[in-house]
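A.B. asks: Heads up: the sequence lines are chains G and W, in that order.
By numbering that gives the first Met the number 0, the letter at position 82 of the first sequence is numbered 81, and the numbering carries on one by one without gaps.
By numbering that gives the first Met the number 0, the letter at position 233 of the second sequence is numbered 232, and the numbering carries on one by one without gaps.
Careful: at least some of the hints might be erroneous.
[Said to hold, decoys possible] Quick look at which bits of chain G chain W covers, simulated, 3 or more residues with Cβ under 8 Å:
hint	stretch
1	133-139
2	253-262
3	316-322
Calculated directly from the structure, the hints in this document are not laboratory data.
For every residue, glycine included, the Cβ atom is placed at its ideal position computed from N, Cα and C.
Below are the chains, spelled out letter by letter.
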Amino acid sequence: MIAHADTIPKQRHPLIAFILRWLLTTNHKEIGTLYLCLAFLLFFIGGAMAMVVRLELFQPGLQFTQPDFYNQMVTLHGLIMVFGAVMPAFVGLANWLVPLMIGAPDMALPRLNNFSFWILPFAFILLLSSLFMEGGAPNFGWTFYAPLSTTYGPPSTDYFILGVHLMGVSSVLGAINVMVTILNMRAPGMTLFRMPLFVWTWLITAFLLIMAMPVLAGAVTMMLTDRHFGTSFFEASGGGDPVLFQHVFWFFGHPEVYIMILPGFGIASQIIPTFARKKLFGYHSMVIATIAIALLSFIVWGHHMFAAGMPLAAELFFMYATMLIAVPTGVKVFNWVATMWRGSITFETPMLFAIGFVIMFTIGGFSGLMLALVPADFQYHDTFFVVAHFHYVLYPGAIFGTMAAVYYWLPKWSGRMYDERLGKIHFWTATFAVNLTFFPMHFSGLAGMPRRIVDYSIAFADFNMLSSIGAGLLGLTQILFLYIVVKALTSGEKVTDAQVWEGAEGLEWTLPSPAPLHSFETPPVIEPDDAHAAADKA
Amino acid sequence: MTPKGRRVIATLGQLCSIVLVIFGFSHAALAQVFDMREGVTETSQRVQNLHHISLGVCVVVGIVVFGAMFYTMYAHRRSKHPVPAKFHESTPVEIIWTIIPTLILIGMAVPATTVLIEIEDNSDPDLTVLVTASQWKWHYQYVEPDIGFFSNLATSQDAINNLIEKDETYILDVDNPLVIPTNQKVRFLMTSGDVIHSWWVPDFAVKQDAVPGFINEAWTRVDVPGVYRGQCTELCGMNHAYMPVVVEVLPEEEFDAWIEDQRVAAALAGEQAVADRSRTWTMDELMPIGEEVYISQCATCHLPDGAGQGIRYPALAGSEIANGPVEGHIDRVMNGVADTEMQAWAPQLSDRDIAAVITYERNSFGNAMGDIVQPLTVFEAR
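All chains should be modelled from the sequences, with the hints used to inform the complete structure.
C.D. replies: Right, dumping it as structure tokens:
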């Protein structure tokens, strides 16, 4: 990434020129980098909050925090990881990769792209500033159930509402941009069914974002009017219904879960074929399975609310619909295994993270299936079993997915190679730490430990101590990752070959390394290969 | 899978069990640590059974899928398998691995549906208890006979602050447990006075949210007498962790005796209240009672030294209300502040306790009003 000298007047002070360049950039690669840097910064902030939580839970009793501050940490950890780390990281990857993969010169709406990024720092300043306000930060969990968040919320809740609105605007604008780019900017010959899986998963994610985020905006707007303008959407004493909030929230919340995993599916579907040196098995069924998961995600929200008081018929419907998601998800896992089957596999760091993704995500999928069974859910619900479940889905899914992507495409982005030995150490310590942190949570949950509690019965002490030790180690692995990336960027071995990985396929590998700031100014022409031609005919 | 692969897995399984036995774990001990609780009701046992079925299915599927993955990682790595195969599509295979999981899921849905239909049958209860949650306590009201009481955390602040040893029932102990009889279908009607809470007893497999303005139903039938403990499971504010559920299950005849005791106790409390308000109390009498009430009811928010915690839990030391007209102080304690954690204490505490705690607050933490609130004053303010 070289500064574009001719766009910036020469007489400016270099620092001002630097700031203006990044503030005003409309280049998809630079905006992608901004997104990834912001996501990584917020990942550290959200992670530090998780460290506070695990430190407090290291032993029963109150050690380091007071209950109200603990609740603030739990709340902000969730909000920042979901809206600040995972989602911007995926948007950053989309910015970098979608134009390269479809042979487009840039995103379709470059100024909008700049705008949707620069909303985010302000959104998170608003959210994080609440920590320093009288009454403290939001303390009602990232799910902000009414009336705890409306009638009983701290004054800073209004900053939270505004922050969520801004994040939503950013996400919707980003999603529109991705969608328009994919649908209109493909190079000649790049038919929909020749697009790489990562592009497909992001196209579907963009639809989910546009469907789901306005619903979240509706939820926080109703909160705002309940708090200040005398409405009673969620206030029973005024004729409203607190459970309505949960319906609205989870109608957003469940698609949101897939927003945070589908691009990860796409990443695994790019990386596994490369290092298995074999085409992705079942390309079409992968696309169809992703669409099926996305559609099903809109009719399963009730499974978050089985204990909220739901009629039998609704419980049965949501149970069956939820179980059904296991089918397309299973198809994806089977396809990845079949891709590796009788390949010629090597285990570079991106491949290790992709395999770790598949295995541990599947474990999270298993516990998700168990949670779908309503009678058993009455025992699992709101316990650490659920915490174990969604961290198994999100950490190996979203975080391992993003890290696999960074290792895989960093040489293309920067023209420099990461340290393979350190990458492998990172993978193995992270995998060990993830399992040490989150696996014992299954057992503390089954033994009866509710989630979001600052203090617990001594019966759960051993499992919590293990989780806390694992969490500390997991925190350290992030510093190792930062070191590996910085080392690669500053002193990594130079990559000169366009084809960084011998088995990699796709347009991005036809560009020189590092990819020039402006690429595909003349669109490439995609020659249908035999396989796709055959598939097109079929 | 090849015979060799099977041998490897069998050996691994044996190794695992040998290691566990060496470390002195019996099957029962392992189940206690790693399994869902069996509980003491037919429902809880059927739920545990369902857990075993779904876990078993997941383990078997996991062994097959992960086994295939590890096998291919081993057998098809480049050093052993330098030339990759070319295949990348097979419609029959895709159909097979769509249909087989669907059949497995149907197999799991059948028992889940059966158990669920049973759980949702709230009809024909022998006894009904109205459970009302509030921050951070439960109130139990028996519909017939007319008995009701609050159930507060009984664990001391010293144990929470690590000043004394924690016991087995740490933060799972209450002053007044819910008491129900064995072998009767007990129906719970759940609601809440403020935010959403959730009433959970793992040994009954009953978990139901208490939602303000709405009534949810659940039921249980316990065969084994004993004391069963659970917690609030829906984040309900600052002291969510300190809101235990304790249920004491008594044999039917003992339960009847307990009901009788409650009736007698209620009558005695009435007489005591009359006696309390018919005499004048001294500061020395009220202060120790007030301190006791303050520590058990008020100190979690306002802190033992009255310093408070920011604007949401204001300081009592030097506060306008504790140092202002006594009528305002009585009104604040008895009626609370709507839509905040400050509850109305009039229904929860006796005249004597309210009088004592107000007297204590006006004459502690550096407040020195010197006035005494009499139980009669509180009675008249009701």
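A.B. asks: With reference to the structure, classify each hint as holding or not holding.
C.D. replies: To see whether the hints hold, each was checked on the structure:
1. By the rule of at least three residues with a Cβ nearer than 8 Å to a Cβ of chain W, the coverage given for the stretch 133-139 of chain G holds, with 5 such residues.
2. Residues of the stretch 253-262 of chain G with a Cβ under 8 Å from some Cβ of chain W number 0, which does not satisfy the need for three, so the listed coverage is violated.
3. Only residues whose C-beta sits within less than 8 Å of a C-beta in chain W count toward coverage, and the stretch 316-322 of chain G has 3 of them, enough to reach three; the restraint holds.
Checked against the numbered hints given earlier, the structure breaks only hint 2 and satisfies all the rest.
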